[in-house]
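Novice: Could you build all of it, start to finish, from the sequences and the hints given here?
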Amino acid sequence: MSLHLENLDLYLSSGKLPIQVLDKISFSLEDGQTLGIVGESGCGKSMTALAIMQLITSPPLLKMEGKVLWNNVNLLDLTKREMRKIRSKEIAMIFQEPMTALNPVMRVGDQIREVLREHNPGNRKSENKKIIDLLDKVGIPSPEQRAQNYPHQLSGGMRQRIMIAMALACGPRLLIADEPSTALDVTIQAQILEQLRELCREFKMGLLFISHDLDVVGYLADRILVMYAGEIVEWASTKELFASPAHPYTRALQRSRPKKNQKNKLTPIAGNVPPLDQLPQGCRFYDRCELREDQCAMQRPPVFKINEHHQVRCFLFAET
Amino acid sequence: MIGFILRRLLLLCPVLLGVITLVFFLIHLIPGDPVELMLGDSAFSADKDELREQLGLNKPVYEQYGRYLTGLFKGDLGISIHSREPVLENIVERLPATLELMAGAMFVAIGLAIPLGLISAVKRGSWIDQLAMFFSLLGVSIPNFWLGPMLILLFAIQLDWLPVNERGSFLHLILPAITLGTALASILSRITRSSVIETLGTDYIRTALSKGISEFQIVTRHAFRNALIPVVTVIGLQVGVLLSGAIITEYIFDWPGLGLLLIEGIQTRDYPLVQGCVIFIATSYVFVNLLTDLSYALVDPRVRLQ
Chain C
395 MSLHLENLDL YLSSGKLPIQ VLDKISFSLE DGQTLGIVGE SGCGKSMTAL AIMQLITSPP
455 LLKMEGKVLW NNVNLLDLTK REMRKIRSKE IAMIFQEPMT ALNPVMRVGD QIREVLREHN
515 PGNRKSENKK IIDLLDKVGI PSPEQRAQNY PHQLSGGMRQ RIMIAMALAC GPRLLIADEP
575 STALDVTIQA QILEQLRELC REFKMGLLFI SHDLDVVGYL ADRILVMYAG EIVEWASTKE
635 LFASPAHPYT RALQRSRPKK NQKNKLTPIA GNVPPLDQLP QGCRFYDRCE LREDQCAMQR
695 PPVFKINEHH QVRCFLFAET
Chain L
459 MIGFILRRLL LLCPVLLGVI TLVFFLIHLI PGDPVELMLG DSAFSADKDE LREQLGLNKP
519 VYEQYGRYLT GLFKGDLGIS IHSREPVLEN IVERLPATLE LMAGAMFVAI GLAIPLGLIS
579 AVKRGSWIDQ LAMFFSLLGV SIPNFWLGPM LILLFAIQLD WLPVNERGSF LHLILPAITL
639 GTALASILSR ITRSSVIETL GTDYIRTALS KGISEFQIVT RHAFRNALIP VVTVIGLQVG
699 VLLSGAIITE YIFDWPGLGL LLIEGIQTRD YPLVQGCVIF IATSYVFVNL LTDLSYALVD
759 PRVRLQ
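If you're matching them up, the sequences are chains C and L in order.
For reference, each letter of the first sequence is one residue, going 395 to 714 in this note's numbering.
For reference, each letter of the second sequence is one residue, going 459 to 764 in this note's numbering.
Hints listed in this document are in silico derivations from the structure and should not be mistaken for laboratory results.
Which stretches of chain L does chain C cover? Using the computed rule of at least three CB atoms under 8 Å from a CB of chain C, they are:
(1) 665–672
(2) 678–689
(3) 750–759
Example chain L residues on the side facing chain C (calculated, C-beta under 8 Å, incomplete):
(4) Gly659
(5) Thr660
(6) Asp661
(7) Tyr662
Some chain L residues flagged as far from chain C (calculated, every beta-carbon gap over 10 Å):
(8) Arg466
(9) Leu527
(10) Leu589
(11) Val622
(12) Glu624
All residues carry an ideal CB built from backbone N, CA and C; glycine is no exception.
Specialist: What follows is the structure in structure tokens.
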């Protein structure tokens with residue numbers, strides 16, 4: 395079971411003009427591996443995830459080009475009904491905001507039951523047992539009572555655990571986690587991350603983990619993609635990315651995070667991600683780059699290979 | 459829950475006292491003398507004085523007010539000047555007709571509005587949506603005192619499909635119910651539409667989509683119940699409007715309900731009857747509001763009645 399994205403372009407219609415939100419996104423994720431996607435807000439991380447699941451509702455999707463191959467089947471070619479069979483059963487997803495991601499007027503147990511009933515129907519009793527087992531597995535105490543609760547009766551961490559239980563219900567082969575711990579406080583965040591890692595190992599499930607936090611991604615992922623303004627700017631194994639970050643953006647991201655015994659100020663990256671409808675002609679990071687050259691303003695850098703496990707979209711590596 | 463109901467019932471008392479006082483004095487401000495109306499211009503003034511004394515109308519207004527209030531505490535709404543029967547009896551006798559009319563109108567309104575609003579929301583921007591919203595604009599713009607006579611002209615007189623005037627079989631109910639229910643249907647369909655559209659954009663709908671369940675289930679199971687919360691509020695608030703609309707509708711269709719009774723009372727300056735009807739309508743309005751608040755707890759588990 396593997397996921398390959400090949401030159402995925404995504405256009406949304408916003409106002410009158412189409413906006414290209416993703417530009418030639420390509421990567422692959424083999425069975426049981428963990429791939430992290432990192433970048434600032436508005437870089438296209440979540441859009442990549444939603445595009446794989448085909449869950450883009452607003453702003454309205456204009457078109458998707460390229461391929462999203464899941465076990466060599468292009469998901470973009472599937473009918474709605476066929477795609478529904480993939481969702482949750484083979485690829486499941488958890489979202490950033492556990493506060494709003496659950497239906498407020500439905501008991502959490504019933505929200506999990508819905509997934510079971512859609513993909514693995516059984517009788518009510520066997521479903522109940524499965525629900526309790528799942529809640530137990532994601533570390534929810536007294537699962538029998540919790541299953542009867544409504545979302546507003548649970549804390550943020552609990553709700554995210556419910557989301558994870560729901561995602562695991564049908565034993566998917568790939569879990570997409572879109573900033574699952576961002577909305578939680580740090581101790582809960584650590585618990586959730588640890589839990590995700592354990593569960594992926596136990597179920598031998600692939601994980602596509604999205605975060606703006608380089609450390610969190612580094613903790614979980616085998617390999618990391620760095621995205622900027624709708625494109626992939628660097629791609630490397632986690633070890634290599636931390637040891638020798640290549641793209642000026644990745645380096646800036648590294649510098650901007652707090653370190654142990656930090657005495658001096660944090661170094662933020664000056665400026666903002668350019669709006670997707672006003673992208674520069676050359677390198678998209680040009681305005682904020684400390685190492686920019688004349689060439690960067692004129693020409694968009696292609697992807698250069700540093701070694702087997704490391705690629706970067708920057709002219710600095712043109713010679714290698 | 460019980461504490462909540464008791465507290466709300468207790469709050470009812472000042473509201474009702476206000477209504478009673480207002481109604482009592484407003485009615486006495488209306489020009490016209492019930493005794494003159496009953497006996498006519500040619501009656502002897504001695505007879506008029508006697509009748510006034512009998513009815514207690516010769517006493518000062520504040521004394522009449524005091525007597526009326528003490529009567530109310532005993533459940534006595536007074537005696538109708540015109541029919542000489544207890545007002546409460548008159549009301550109870552006419553109530554079923556009004557309830558029937560309101561139920562019919564509500565059935566028309568909810569039966570039309572909710573499916574229409576739901577379809578409009580799901581097929582937003584389609585011709586079905588535009589057509590539905592055009593009719594809802596039309597429905598809300600047409601006053602029922604115009605719609606009623608037009609329906610009678612078309613369906614009762616020209617086509618002779620449906621009976622009018624007075625209460626009787628189910629067929630008699632159709633035109634009055636449509637007359638009364640149209641405006642409410644229009645309002646409700648718009649509220650349902652916008653509420654469903656809002657709900658369909660929420661995160662939990664995206665979660666539901668990610669589970670792989672069908673769009674039909676998403677709309678019926680997830681969107682609809684959440685979208686219902688504002689719809690229930692509007693239904694509750696509109697019951698009062700329906701009651702006042704019933705007065706006009708009953709008059710148009712000669713429907714023997716509370717509204718017609720009230721109009722008869724006003725025409726004959728039947729003070730106790732008018733007071734009784736208005737107080738009854740105001741009380742039921744307050745009770746419906748209480749029921750609306752209670753129904754929130756049924757629709758939305760986050761609402762705790764305190």
